[in-house]
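Participant: Here are the chains, one letter per residue:
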Amino acid sequence: MIFVIDDDAIMAECIKDAIYGDAELFSNAIDAMNRIADGIIPDLIFLDILLDGPDGFTFLNELVSYSDTANIPVIIVSSIDFSNQDLSNYGVVGYLNKDTMTPDDIKGFVNEYCKQRY
Amino acid sequence: MDKEVDGILVVAHELKAPLAVLRQLAFSLGDLNLKDERSRSQMISVSERAIKQVNDLIKIRRLEDGLFEMEPVSVREVCDAVSRELQYLFRYNNRDLFIKYSNRARLVTANRELLYSVIYNFLLNAMHYSGDETRAELIVKDYRNKVKVVVRDYGPTLPIDVWKEMRRGWVEKPLSIAMRPGSSGLGLFIASNFARFMNAKIGAVRHRDGTSFFIELPISKQASLF
Chain V
1 MIFVIDDDAI MAECIKDAIY GDAELFSNAI DAMNRIADGI IPDLIFLDIL
51 LDGPDGFTFL NELVSYSDTA NIPVIIVSSI DFSNQDLSNY GVVGYLNKDT
101 MTPDDIKGFV NEYCKQRY
Chain U
1 MDKEVDGILV VAHELKAPLA VLRQLAFSLG DLNLKDERSR SQMISVSERA
51 IKQVNDLIKI RRLEDGLFEM EPVSVREVCD AVSRELQYLF RYNNRDLFIK
101 YSNRARLVTA NRELLYSVIY NFLLNAMHYS GDETRAELIV KDYRNKVKVV
151 VRDYGPTLPI DVWKEMRRGW VEKPLSIAMR PGSSGLGLFI ASNFARFMNA
201 KIGAVRHRDG TSFFIELPIS KQASLF
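Chains as they are written, first to last, in this note's numbering: chain V, 1 to 118; chain U, 1 to 226.
For the record, the hints were derived by calculation from the structure and aren't laboratory data. Keep in mind that the hints are not guaranteed to be accurate.
As the list claims (entries may be wrong) - Straight-line Cα separation of at most 30 Å, DSS-like style, residue types lysine-lysine; simulated pairs:
{"id": "1", "chain 1": "U", "residue 1": "Lys-3", "chain 2": "U", "residue 2": "Lys-35"}
{"id": "2", "chain 1": "U", "residue 1": "Lys-146", "chain 2": "U", "residue 2": "Lys-35"}
{"id": "3", "chain 1": "U", "residue 1": "Lys-16", "chain 2": "V", "residue 2": "Lys-107"}
{"id": "4", "chain 1": "U", "residue 1": "Lys-16", "chain 2": "V", "residue 2": "Lys-16"}
{"id": "5", "chain 1": "V", "residue 1": "Lys-16", "chain 2": "U", "residue 2": "Lys-164"}
{"id": "6", "chain 1": "U", "residue 1": "Lys-146", "chain 2": "U", "residue 2": "Lys-3"}
{"id": "7", "chain 1": "U", "residue 1": "Lys-164", "chain 2": "U", "residue 2": "Lys-100"}
{"id": "8", "chain 1": "V", "residue 1": "Lys-107", "chain 2": "U", "residue 2": "Lys-52"}
{"id": "9", "chain 1": "U", "residue 1": "Lys-3", "chain 2": "V", "residue 2": "Lys-16"}
{"id": "10", "chain 1": "V", "residue 1": "Lys-107", "chain 2": "U", "residue 2": "Lys-146"}
To be verified - Derived DEER-like restraints, expressed as beta-carbon distance ranges:
{"id": "11", "chain 1": "U", "residue 1": "Ile-99", "chain 2": "V", "residue 2": "Arg-35", "range": "28 to 36 Å"}
{"id": "12", "chain 1": "V", "residue 1": "Pro-103", "chain 2": "U", "residue 2": "Phe-98", "range": "31 to 39 Å"}
{"id": "13", "chain 1": "U", "residue 1": "Glu-133", "chain 2": "V", "residue 2": "Gly-108", "range": "15 to 23 Å"}
Even for Gly, the Cβ is constructed at its ideal location relative to N, Cα and C.
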């Protein structure tokens, strides 16, 4: 299972299309955290940073606070350039720039980080 | 900052997200036949150019934030990169791009990202205004103690009032260039702001059969390793 967290529903759908597999969409960080609290631990998370309500960094902070979620790989998907920042302590394993990313970039991360190949 | 200009920059910021979504939607259209595939490529290409222009406008607002450092930059490398990026577009529109480097000083003091945008905007403009089967020219040469990058097009001559405004070295706000249909002067406004930030000078030369836009950049005192 892959989580896509983006408050832009169309962008989230586009990412889901590129994943071509089992993905769940969330428009805010709280719903995604609640899902995880229900016991659904994703293999990979595509996370937007500027979200309605708690932002992506708040979500990352929550993830690393619990041992069962601390190691979930997260891909930041944003129009802000984070590529020069090291957020590996927050489980961030990759960055996608919304202005330049392609479906192949998304698939590449899915193939690299998901236990189940999609 | 001028209120009108500030308004334009705010609008640009708001356009960024929808443009990125449009680009992604084009990607997600699935398998297409040859004709539709061509349309998809055009949609992606148009969105990417719009995103680039919007990003440039946003950068104008952030020039004073200390994000754009001045450093020694190889002009030829930047020109090569820009012409590579626009090559497809030139070919697609049946335009040739002639490139000539005669500069001996290789490094200038500039910000690579901003210089890239200036040359990109000049070249895009030249492609837009040059007629079918004509060419645009990208020329880099030494000029006194500076390096001059010139982009020549074979389109309508730049109106005299715009030329006069450019003589002082920058453009205050986007202006409609009446004799150059379809232009808002936005690219010129962007180039002007970036050049000013880099202590460079932009200008234009009016020809009977077109216009040359140029940027003059201070030579870097650092020895070139190229």
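Participant: Now tell me, hint by hint, if it's right for this structure.
Facilitator: How the hints compare with the structure:
no.	hint	result
1	Lys-3/U to Lys-35/U	44 Å, violated
2	Lys-146/U to Lys-35/U	48 Å, violated
3	Lys-16/U to Lys-107/V	24 Å, holds
4	Lys-16/U to Lys-16/V	21 Å, holds
5	Lys-16/V to Lys-164/U	52 Å, violated
6	Lys-146/U to Lys-3/U	34 Å, violated
7	Lys-164/U to Lys-100/U	28 Å, holds
8	Lys-107/V to Lys-52/U	25 Å, holds
9	Lys-3/U to Lys-16/V	40 Å, violated
10	Lys-107/V to Lys-146/U	47 Å, violated
11	Ile-99/U to Arg-35/V: 28 to 36 Å	55 Å, violated
12	Pro-103/V to Phe-98/U: 31 to 39 Å	36 Å, holds
13	Glu-133/U to Gly-108/V: 15 to 23 Å	41 Å, violated
Figure legend: structure checked against the earlier numbered hints; hints not met, in rising order: 1, 2, 5, 6, 9, 10, 11, 13.
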